[in-house]
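Take a look at the letters that make up each chain.
There are 2 protein chains.
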Amino acid sequence: MKPKLVSKGAERYVVGKVERFDQKNEAFKRATWDPEMRELAKAYYAKYEGREMPKEKAGYTAKELALSMAGWHVALDFGSGLFIGGEGMEAWEAQPVGRTDTTRMPKGLKLEVEDSVEATRVIKSAARLFGASLVGVCGLDRRWLYSNSYHTLKRESKPVEIGNEYRYAIVMAHEMDYEAMKQAPNNIAEAAASTVYSRMAGVVAQLAQYIRGLGYKAIPMGNDTANSVPLAIDAGLGELSRMGLLITPGSYGPRVRLNKIFTDMPLMPDSPIEFGVWDFCKKCEKCARFCPSQAIVSGPPTEEIHNISNIKGLLRWPVDGEKCFTSFALNGTACGTCIRVCPFNKTPGLLHEWVRWGVKNTRWLDSLFVKADDLLGYGKRAQVDEFWHS
Amino acid sequence: MKPKLVSKGAERYVVGKVERFDQKNEAFKRATWDPEMRELAKAYYAKYEGREMPKEKAGYTAKELALSMAGWHVALDFGSGLFIGGEGMEAWEAQPVGRTDTTRMPKGLKLEVEDSVEATRVIKSAARLFGASLVGVCGLDRRWLYSNSYHTLKRESKPVEIGNEYRYAIVMAHEMDYEAMKQAPNNIAEAAASTVYSRMAGVVAQLAQYIRGLGYKAIPMGNDTANSVPLAIDAGLGELSRMGLLITPGSYGPRVRLNKIFTDMPLMPDSPIEFGVWDFCKKCEKCARFCPSQAIVSGPPTEEIHNISNIKGLLRWPVDGEKCFTSFALNGTACGTCIRVCPFNKTPGLLHEWVRWGVKNTRWLDSLFVKADDLLGYGKRAQVDEFWHS
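Sequence order for the protein chains is E and V. The first sequence: position 276 = 276 (the working numbering), numbered continuously. The second sequence: position 275 = 275 (the working numbering), numbered continuously.
Hints may contain errors.
As the list makes no split between identical chains, a pair holds if one copy fits it or if it spans any two.
To be verified - With a Cα cut of at most 30 angstroms, we get these calculated DSSO-like pairs of lysine-lysine:
no. : residue 1 : residue 2
1   : Lys2      : Lys323
2   : Lys371    : Lys154
3   : Lys42     : Lys17
4   : Lys110    : Lys57
5   : Lys57     : Lys217
6   : Lys55     : Lys110
7   : Lys282    : Lys380
8   : Lys283    : Lys42
9   : Lys107    : Lys17
Please keep in mind that the hints were generated in silico from the structure rather than gathered at the bench.
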């Protein structure tokens, strides 16, 4: 499963004209304005306003509900949350503080970059020290910028305008806890996601200050401002999967969250990679079978889209965001079942022989593989107590 | 090196009357008001006001200076920093946000604790999910509360008043990066510390919200409000060492930062542990030999103190905070040499046979052990490029 370097990143999925995506059309944003999704949205967003009562059901009792909410704390109260971006930890510029600003570096200092390879190595070392699990760099392909950002709380759109000097994107992946994700879908699995949203807000904030401290511009982001997955593919972090998420080549597989920084610092883009995900996903279909809302399609990749929540012009497996959101809303938690069951999601540290075999032998791969993966206990949902007693 | 459970925590070092420590007397706080330390302090604190220029020397150039400063960003700009506590991420109560507060839990909800062992397990699982490397619980021994807190920037003291309902302390240890600490002392090693201060502010903030979300009170802290080391010893996280820091039994050894939460949630205290540190430190003396400022004493433990920066009434190796700070100020970075050279600081994941031998055979331990530890390359300062190219 050693990745091979390839020339095309997200471009390899492009078969038609790609228009920049309006963030307002993303399913979780639509839920706040689209009349058809309004009722479900009310139920879903009540949780984030402290109006969800704990249930008797394990995984949804007070201790799990509070866990998922506490995980959100830093991302929502000190970062931009999942909103429009540019706020708090993800501010687009250094902020004044006392006699200095948040870079705490002498004014006017600029590190002249003579060697972009060396500069890239420095940025990546810094990103890993700050806590990124994986980091890559790509030239910024502006097709993946949102056309407009949309603020869920303020219900405001604004055009995404990124100056031409922002030529590079630094993309980071942040591992979610394996044991907690084995709980999906319930509030423990949501906590795996929410706590990583909080952690990665801190990481991206520090990396942006670092770049600014060296005299360059940096726009730190979460899910806002641009599609993360194609940028991550361009930056060599992994491949697109049937479930629409990035799959990385390490033991994390799809068990990561992504964020990114745009910068004018001259960096050396990474090569995109391939390690068999496309062929594997064609055969496996495990995520599609287990998806509680049938939001993930089975069958071959297609150019067709489900609704305005999909980008046109791509050959891939489009995810039905309406159905995915419906499942979140009815269940009252984030889901993540697709991540849990994916054969690429394995125990930390193990690049499992089983998956290696599957990737090498995709031509033999059929539903037997999926059944065997289950029989071996992979992707099996854990008992709630297994998390609390681990 | 399997720790054995013992009955006495920090109490084992107490030989006289212990008076609560005034934070104003801690060396880094003294530097801001003690006339004798004023000149050094000016040089030292200029860095945090963006007035330190990069040097030509490797480890102190722009890329390393900016790294240490960026690492501080979250701790200083969103947390309480190293100041008086109670601010930002370490607020003592949940803050209002929209229609709810930062717990995002229904008002008035309280998880009745029937089994404090189970409640403690839940809190520890949450702490680890949020990112703590180690977590323990102790009954709150009020001798370790500061008498007064001191705000370095505002130059204000205020008495530390913690209601009697706060019966427990949850103490967390957070690993610092091994490779970065191998650089000590320079700005990369400072970045290992600063980035962990930022990360652990997020962790303690989330854990405090979690406890509040379950209906209990929580005071989250960094270095403020109480001495962390004796609380960590009481909570079973490790032992006191010659260098005055906690040594944990895993491969981190002393390579951790500590923070803590006081709570009224009924928890089950951990047993303190012993695994041979006291006898080992008696013989090893490596930290004392390598300390650039001779702030760490050689010889047997003593009740004597160096100055007002030490607590009276303890039999241990008192660290000379004035000398330690002087070294920080003259060098222009945090130090950490003692942590780098300590034989208990080993590669992540390895509980090294060598140290295991040393702990078991302290009666044979002499300077030969220290020399051999060096010859094997342990604790050796790394070249600056080794960090950037790792």
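Point to revise | Within, between, both or neither, where Lys55 and Lys110 count as close if Cα-Cα is 30 angstroms or less | key: between (55 angstroms within a copy, 14 angstroms between copies)
Review point. For the identical chains here, do Lys2 and Lys323 meet the 30 angstroms Cα criterion within one copy, between copies, both, or neither?
Key: Neither, since 35 angstroms and 52 angstroms both go past 30 angstroms.
Check your understanding: Using 30 angstroms as the alpha-carbon threshold, which applies to Lys282 and Lys380: within, between, both, or neither?
Key -> Close inside one copy (21 angstroms), not across copies (51 angstroms); limit 30 angstroms.
Review point. Checking Lys110 and Lys57: alpha-carbon separation at most 30 angstroms within a copy, between copies, both or neither?
Key: For Lys110 and Lys57, the Cα distance is within 30 angstroms only across copies (17 angstroms; inside one copy 56 angstroms).
Exercise for review: Give the relationship of Lys57 and Lys217 under a CA distance limit of 30 angstroms: within one copy only, between copies only, both, or neither.
Suggested key: Only across copies: Lys57 and Lys217 sit 26 angstroms apart there, 48 angstroms inside one copy, limit 30 angstroms.
Practice item. If the cutoff is 30 angstroms on CA atoms, where do Lys42 and Lys17 land: within, between, both or neither? Let me know, please. Key: Neither. Shortest intra-copy (35 angstroms) and inter-copy (60 angstroms) distances fail the 30 angstroms Cα cut-off.
Check your understanding: What label fits Lys371 with Lys154 when the C-alpha limit is 30 angstroms: within, between, both, or neither?
Key -> neither (46 angstroms within a copy, 64 angstroms between copies)
Review point. 30 angstroms Cα cut-off: does Lys283 pair with Lys42 within a copy, between copies, both or neither?
Key: For Lys283 and Lys42, the Cα distance exceeds 30 angstroms both inside one copy (38 angstroms) and across copies (66 angstroms).
Exercise for review: Using 30 angstroms as the alpha carbon limit, work out where Lys107 and Lys17 are close: within a copy, between copies, both or neither.
Suggested key: Result: close neither inside a copy nor across copies, 44 angstroms intra and 50 angstroms inter.
Hints 1, 2, 3, 8, 9 from the earlier list are contradicted by this structure; the remaining hints agree with it.
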